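FYI, the numbering used here numbers position 59 of the sequence shown as 59, with every residue one higher than the one before it.
Just so you know, the hints here were simulated from the structure itself, not pulled from any lab data. Just so you know, these numbers come straight off a predicted model, no measurement behind them.
Listed next, the in silico DSSO-like pairs over lysine-lysine satisfying Cα-Cα at most 27 Å (straight line):
1. Lys105 with Lys87
2. Lys118 with Lys318
3. Lys7 with Lys93
4. Lys255 with Lys291
5. Lys33 with Lys93
6. Lys71 with Lys310
7. Lys259 with Lys291
8. Lys71 with Lys122
9. Lys84 with Lys202
10. Lys187 with Lys145
11. Lys301 with Lys7
12. Lys325 with Lys216
13. Lys193 with Lys322
14. Lys56 with Lys7
15. Lys105 with Lys325
16. Lys122 with Lys312
17. Lys122 with Lys25
18. Lys93 with Lys310
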Amino acid sequence: MHSFKNKNQKIALIGCGYWGTIIAKTLTDLNFKNIHIFDSDINNAKTLKKKFLKLKICRTYSEILNDHEIKNIFFATPPSINFKIVKIALNLKKNIFLEKPGVTKSTELKQLNLLSIKNKCKLMFGYIYCYNDYIKYIKKILDQKLLGNILYINFQRQNLGPIRNDVSVADDLSSHDLSIILFLFNKLPSVLKHIKYSILKKNISDISNLHMKLNKTYIDINNSWLSPIKVRTLSIVGSKKMLLFNEMNINEPIKIYDKYAKYPRMEEFNKKFFNAKALIHLGKNISPKIKSSPALVNEVKHFLNSDLGKNKPTTDFKFSSKILKLLKRI
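Starting from the given sequences, assemble the full structure and let the hints guide the process.
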């Protein structure tokens, strides 16, 4: 009755700000006809309705909670308030899509999970890169070991805003990169060093540099919401090849470079000739053509099609809990 194919089902969206607007656009683009929205600031809801006329404004949160026909609720609200409002919805047996990182404390996350189990509700967290077709392609490349042994990974995620006032740049942006690592390798790295700067507001960092290690792979995550240009890159250095994922390059988002560097073994040297320089291999580069859909479309479909059986959400409590615990440690 409430599968993805039922476009007449009632769906609710809480939070009509920046990300709420993007979710609303995705739902309308998918032709859902019965979308109810609520924001504690009614002007936000009115602004959103002007953009998408078919949306239905609810004046109170209770209006959504008490509507028994609304089974699925999308939350695009600040982590600092989510525990209180999501807890109420779970107790009323609503299925919850909660934008990452969800809440601010691991104890809150655990309580929400227990409520979802008790009331037999779905609880899924919005880590959008796990539903990105390019990231899925990269996972396939890594699983097939086409790059060789992974030596180094670098994430660059920078822009001028959006600047949060309740979470740091690490909570907001690093969580994206950590979710990619967890999706690709099924585990998270250990933190070697974390350098951060609070520039605009005390105790909330605007720039974050994470230095990490996963098995024998070194990983750097550089995040900033104080950058004059938008940068979103993921570069992977393998022992055989290198890969670059550049989200801002629409035509060729993924490039695989047949390049690597290595020092020759001592036994390979001629007795009369010695050169201690690393050898550089330069081969042919490729830009694979990958069929892709918008990641949020994939994510919304996944939420509405998932269930409490074998088809559980990929970014469930266990997934989100691992990321939140690591964020708290740094």
